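Mapping the sequence shown onto the numbering used here, position 1 (from 1) lands on 1, and the numbers just tick up by one.
Keep in mind that the hints were calculated from the coordinates and are not lab data. Values in this document were obtained by computation on a predicted structure and should not be read as measured data. The C-beta atom is built at its ideal place from N, Cα and C for all residues, glycine as well. Among the hints, a few may not be true.
Computed beta-carbon distance windows for the label pairs [what the hints assert, rightly or not]:
no.: 1; residue 1: P42; residue 2: R136; range: 17 to 23 Å
no.: 2; residue 1: S128; residue 2: P71; range: 15 to 21 Å
no.: 3; residue 1: K66; residue 2: H38; range: 19 to 25 Å
no.: 4; residue 1: R9; residue 2: S29; range: 21 to 27 Å
no.: 5; residue 1: P30; residue 2: Q53; range: 19 to 25 Å
no.: 6; residue 1: N118; residue 2: E96; range: 15 to 21 Å
When the alpha-carbon atoms are kept at most 20 Å apart in a straight line, the in silico EDC-like pairs for lysine to aspartate or glutamate are as follows [unchecked claim]:
no.: 7; residue 1: K66; residue 2: E77
no.: 8; residue 1: K14; residue 2: E24
no.: 9; residue 1: K66; residue 2: D155
no.: 10; residue 1: K66; residue 2: E34
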Amino acid sequence: MSRSPISIRPAALKDMPALIHLSEAAHWSPAQWEDIFHTENPLRLAWLAQSPQGPCGFLVANCGVKVDGAPPEWELENVAVASASRRQGVARMLLEALLMAAREAQASRILLEVRESNVAARLLYEASGFHLLTRRAGYYAEPTEDALVLVHVFDHPL
1 MSRSPISIRP AALKDMPALI HLSEAAHWSP AQWEDIFHTE NPLRLAWLAQ
51 SPQGPCGFLV ANCGVKVDGA PPEWELENVA VASASRRQGV ARMLLEALLM
101 AAREAQASRI LLEVRESNVA ARLLYEASGF HLLTRRAGYY AEPTEDALVL
151 VHVFDHPL
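Working from the sequences, and respecting the hints, build out all of it.
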C-alpha cells in the first residue's frame, strides 16, 4: 500500500482556518492562533503538514529568548495530526522540522508536556531524543492527569 506524499512547510497567517480546524481538540481561540504570527518576543513558529488531500497536521513552538547571550530554550506548545492521517509519520516529520530549526538556531534544549497516558506520543518523543525531566501532578483536566515534562538537550560544539 503506497502512502500519499506529505510535505512540511512553515505555516502562515493565511493558514489560520486550516490550523483552527485541525486544532479543535486543542481549544485554541482564533486570537491565540493569530498571536502566533504576530509575536516576536519570544518568536513562535508553526509548521503545517500538507497531503494531496489538504492540511493534515501542525506543530507550534515557542522559540525562547536569549538572555545574557545564553542560547534560547524552546518549547513545543502544540502538535496535532488529523485522525485520517495518523500513523503515517506526519507527527514525526513535524517533530523533525522542529528539531532541525532549533538546532540551526543554536537552542539549548526543547521542552514539552505530554499526558502520561499518551503512549504513542511518548514513544515518538523518546525515539527523537527526548527524556523525562519531571512530572506535573494533575496538570491536565478532563480527565485529571499528570503531565510528563520531557526535554531534548542539544550538544553544540563550542
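Hints, verified against the model:
| no. | hint | in the structure |
| --- | --- | --- |
| 1 | P42 x R136: 17 to 23 Å | holds (21 Å) |
| 2 | S128 x P71: 15 to 21 Å | holds (19 Å) |
| 3 | K66 x H38: 19 to 25 Å | holds (20 Å) |
| 4 | R9 x S29: 21 to 27 Å | holds (24 Å) |
| 5 | P30 x Q53: 19 to 25 Å | holds (24 Å) |
| 6 | N118 x E96: 15 to 21 Å | holds (19 Å) |
| 7 | K66 x E77 | holds (18 Å) |
| 8 | K14 x E24 | holds (18 Å) |
| 9 | K66 x D155 | holds (17 Å) |
| 10 | K66 x E34 | violated (23 Å) |
Of the hints listed earlier, the one the structure fails to meet is number 10.
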